[in-house]
Every structure is written in structure tokens, then in C-alpha cells.
Amino acid sequence: MYEKDGEKYFVVDSHSHFWDASRENWREGREEFAKGWIDCFYGYHQLGPPETHWDYEKYLKVTPEDFERDMFEEGHVDVAIFQSTYLKEWYTNGFNTADQNAAMLERLGDKVIVNGRFDPREGDAGIKQLEADVAKYGHKGIKLYTAEWNGDSRGYKLTDPECYRFFEAAQSLGIKNIHAHKGPTIWPLNKDAFSADDVDQAATDFQGLNFIIEHAGIPRIEDFCFMAVQEPNVYAGLSVVIGGLMHARPKFFAKVMGELLFWVGEDRMTFGGDYNIWTPKWQVEGFVDWQMPDDPSCSDYPKLTVDTKKKILGLNAAKLYDIPVPAELQIKTDADEAMAPGEQLVAGS
Amino acid sequence: MTAGLHGDVWAALGSVMDPELDEPITDLDFVETCTVSDEGVATVGLRLPTFFCAPNFSFLMVADAYDAVSQVPGITHAVVTLADHHASAEINGGVAAQSGFVASFEGEATDELDELREQFLQKAAMAGQDRVAQPLVDEGAGPEELAGMTLGQVPPSGDLTRLRERRAKIGLAADDDAPLLLHKDGSRVTSAQVPLHLRRARLTRMSIETNGEYCKSLLQTRYAATAP
Chain U
1 MYEKDGEKYF VVDSHSHFWD ASRENWREGR EEFAKGWIDC FYGYHQLGPP
51 ETHWDYEKYL KVTPEDFERD MFEEGHVDVA IFQSTYLKEW YTNGFNTADQ
101 NAAMLERLGD KVIVNGRFDP REGDAGIKQL EADVAKYGHK GIKLYTAEWN
151 GDSRGYKLTD PECYRFFEAA QSLGIKNIHA HKGPTIWPLN KDAFSADDVD
201 QAATDFQGLN FIIEHAGIPR IEDFCFMAVQ EPNVYAGLSV VIGGLMHARP
251 KFFAKVMGEL LFWVGEDRMT FGGDYNIWTP KWQVEGFVDW QMPDDPSCSD
301 YPKLTVDTKK KILGLNAAKL YDIPVPAELQ IKTDADEAMA PGEQLVAGS
Chain W
1 MTAGLHGDVW AALGSVMDPE LDEPITDLDF VETCTVSDEG VATVGLRLPT
51 FFCAPNFSFL MVADAYDAVS QVPGITHAVV TLADHHASAE INGGVAAQSG
101 FVASFEGEAT DELDELREQF LQKAAMAGQD RVAQPLVDEG AGPEELAGMT
151 LGQVPPSGDL TRLRERRAKI GLAADDDAPL LLHKDGSRVT SAQVPLHLRR
201 ARLTRMSIET NGEYCKSLLQ TRYAATAP
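Protein chains in written order, with full-length UniProt numbering: chain U, 1 to 349; chain W, 1 to 228.
Since the hints were made in silico from the structure, they are not lab data. Warning: the hint list may mix true and false statements.
As the list claims (entries may be wrong) - Calculated cross-link-like contacts (lysine-lysine; reagent style DSS-like; alpha-carbon spacing at most 27 Å):
#, chain 1, residue 1, chain 2, residue 2
1, U, Lys157, W, Lys184
2, U, Lys191, U, Lys128
3, U, Lys140, U, Lys58
4, W, Lys184, U, Lys281
5, U, Lys281, U, Lys4
6, U, Lys35, U, Lys88
7, U, Lys88, U, Lys61
8, U, Lys35, W, Lys216
9, U, Lys140, U, Lys176
10, W, Lys169, U, Lys251
11, U, Lys58, W, Lys184
12, U, Lys191, W, Lys184
13, U, Lys176, U, Lys136
14, W, Lys216, U, Lys191
15, U, Lys191, W, Lys169
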């Protein structure tokens, strides 16, 4: 819980990790990719305020003590949702597996929720694994990284028939939330790797699932917005949006927030601090202090109310995940309700 | 002579765009090295913001740079390479052999990149409508007026030239009689559609520019140690 100026904010960090990018975990013969991946993250890390930068060695692998302190003691987070990303092609024991994340369950109990993952290319064995994972960890959410390498494959689409099989299985296992993130190496390479077309179709076909599109579809935020405005079960995950822009590119942060508030709306935006790309402390404090600038280029965008910030920082995600919120911190949000798109935003397309 | 040639090569590189960001690779600081030998051999080293930048866009930039530099009068041979990228070997090998994208990524690509390039030019043409129309809106132009306006009626500006160039490349009307506001398919925007159309144009521009900001930030971070 974070308190500022007499207002109390219940904070759900809906996109966090506990990864192992240590050299010992770089897969033999794939060291270049393992290093390239974490170096890429380290580049993002440095878009935060300088006083929050870590040295590279610490960044590769933090301890459970680091995690607990950075998230809960100093970071104001009430509940953190782990997003599992395996990347076993590059990291021997996986980059950030459900098992690694679940080690935190014993330590931190209800403060953490471990999301699972699946990979439609794993077929029947993958479905069995998903069933076992759900039985073990009670997953309510799944993280999908559609650009994950798997053998010769460079990725998959949410609309692949195999993926639909997994969605059906996930739904019948009680999973409600799909966090999707796209990366740049999906097959075939001549297509736009970040295209949001498949999210559109999958969200229409699986109305019982919520699709939280991490990083709000960046670098295809316009495609994401045009799609989200028509799909009541699509959400904008603000991971990387706040961390990557609020400090480094404040003018663009304002524009991105303005557009998301217009096209997607404050009930369908969720905070994600992306630990340990960044720590949540500066993001939570900075966002509570942040306001849409008076600059003429932002004059069409709404000012943020305290309620807007409360919803985005925690209450929307709490509703998606049925996380109990103390009554004095609760306000109404329309997250997880079927919301009709605004017709005025779709007409004339 | 080499000094003059170097300037010509640099100017040629300035015509090469990042297809996604719609900005010249020279402005984006993607050109790490550029030398011309006494024999007229141009050697160009490119770099990108991350190890995992999309290989399709990366290939386009390296191939376009090769073509642009090769065509400079006085250049006898061009060597263009991309460093520090997960597909450096495929891209550099493919461009040097002029074997095209599909052959360079055998089994991973089904077509050359023309369609992808066109898709991003369409986005650039959309974004350009915001760049040109926004100042007019600020001066009080309403939907009726904007829907009826032609490119010839817009005061000349760099943004207008840029919009015309992007449109011309994808076969959209770009002459003086062409409407300022056009849908993707080339049809006119009606006055009733103007407000939403302009919101879409602005969002598209914001997206391209935000991607550019990310890339510039990450490039600065990645190559901070070697920055001038």
C-alpha cells in the first residue's frame, strides 16, 4: 500500500519476474543469445532514473532477499504477479520458470501470484504440463511469449489451431487471464513480427478470457488501440510503458498515456513494474505524482484523477485476479465487466 | 577526392530510412563507421539499438545502404555490414551476395520484404496527415474545410513534402489536386469522418515517434562507452 497526500493506493504489480540470467545458466553454444537477451533488458534498465541503476552483475540474478525488499518493503507493492518466461533455448534451467517463481510462494505467501505459461508447439505433452502446473500452483493467469524460440521454430500465433486447443484447455482449468507479449523474431520473418492481428481474433473467439497485452502493444501501439477499442476483453498492460518512458521520455509518456486513456480507458489499464528490469518504488511514487502536462500538445488528453491512478495501480488487476482489497482502499472499477466499445470510436473504419 | 566522395557516400546513406521509424539511418546514429579508400571502396558499418532488433527491418536497412552507396559515382565497391546483431551473419552474407531476404533466411521467410515496406509507408502516410493537418486545426480549420482541402492548398512545408513522398511511393495521390485527408485505400475522408480520422492519424504518428524515442534511448545506452 502506498500513501500520499492522504490517499491510499492498493498496488498490484501485474508484471514481475524473478529471473536467472547468471553466466552459469547460459546454455552452452547459445551464450551469445543468452547474453544478448539480458543485455537488451539491461539497456531498458538504464532508462530509469540514474540513482536506481544497478551494476550488471547484480542485474543478472537477484536474491530472494533483494526481491522481497525491492518489491514489498521499499516498492509499495501489495501483490505481485509473476510472469513466467522460459527461454530454455538460451538458458539451461530456463530464464524465469514457474518453478523459480514459485520458490517465492513459500517465502511470501499471498503476496505473490505465480502465472504459468504454455507453448502450443509442445502438443499433448504441453497440455499435460499445463494441467500439472495448474494443479500445483493454481494458476489464474498465463503468460505467452509468442516469439519464443523452440527448436527450429521462431514463434507462433495466438490464432494457430494448436494455440486454440491450449486456450480451451486453459479455460476449462479455470484460467481467466492471458498476458500476451510479442517479440521480434516470429515466423515468417518477412511479416511484421509485432502485428496485433492475432490478438484481435483470439479475443473475439474466447470471450471468457481476458487478454492483457503487455507493453500496450509497443511498438504497434496504434494497432493495439484500434483493436482494443473493439474488444471488451482486451487490456493494456503498462509494463515498459511507465518504466521505459516516464523518466527517460516524459513528453512521449504523456502522449502514450493520453492515447491509452482515450482508446482503452482507465478501467482496462494495469500497472506492471517489470522487476527486475526496474524496481517498482520510483514507478509507483512517480506515477502517483504524475499529471498530464498543461502543454498545448496534450490539451485533448484528460487529467488523471486519484481514482484513475488507484484503478491503474492496482484495483483493475485486483479485480481480474480476484485479489481481496481492504474496503477502505476499494473503489468501483469496470475491469472484468463486458464493456461495449464506444461506437463513436469505431465508426468510419 | 576521397573527402568529397566521403561526403557523397554520407549523403547517400542519408537517403536510407529505417522503414519502421521513418527516419534516415544517419539521423538515428545507426551508421557507426563510414570510410572510403583511395581505390573508391566504401566500407560502412551499421549498428542498431538491440541485439534482437527485428531481422526483417535490419535486412532492409543494410540492403538499402548497400544499394545507395554502390550507386554513388566514383565508388567502385561497397562493403556494408551490421554489427552486434543476432542475425548479423545471415544479413551480412545475404547483402554481400545480393541474394535477397528469402535466400538469406532460408526456411524462415516466404516473401521478399516489399509488402512489409509498403505497410510501413502506409503508416507513415497516415502519420504525415497529422503532421500537416494539426497546424491547420490549431488555426481553426474545421472538419468541413479539412475534408475539402487539397495538398495544393496547404502552405508548403517540410512535412508536406515528406507526406507527398511517402504517398507517391505507395501509389496514393500526391499532386496538388490530391485531397489532404485520405483513407488507407485512397478514398476521400468525409467531413463526418474527419475527427476520428485525425485521432487515428495522431495515434499513428505518436506510435512511430515513440518507437523512435525508445530506439534512440536504447542506442545511446548500448553505445554510451563509444559515444563521441
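Each hint, compared with the structure:
no.: 1; hint: U:Lys157 / W:Lys184; result: holds, 25 Å
no.: 2; hint: U:Lys191 / U:Lys128; result: violated, 32 Å
no.: 3; hint: U:Lys140 / U:Lys58; result: violated, 31 Å
no.: 4; hint: W:Lys184 / U:Lys281; result: violated, 43 Å
no.: 5; hint: U:Lys281 / U:Lys4; result: holds, 13 Å
no.: 6; hint: U:Lys35 / U:Lys88; result: holds, 13 Å
no.: 7; hint: U:Lys88 / U:Lys61; result: holds, 16 Å
no.: 8; hint: U:Lys35 / W:Lys216; result: holds, 21 Å
no.: 9; hint: U:Lys140 / U:Lys176; result: holds, 6 Å
no.: 10; hint: W:Lys169 / U:Lys251; result: violated, 31 Å
no.: 11; hint: U:Lys58 / W:Lys184; result: violated, 48 Å
no.: 12; hint: U:Lys191 / W:Lys184; result: holds, 19 Å
no.: 13; hint: U:Lys176 / U:Lys136; result: holds, 17 Å
no.: 14; hint: W:Lys216 / U:Lys191; result: holds, 24 Å
no.: 15; hint: U:Lys191 / W:Lys169; result: holds, 20 Å
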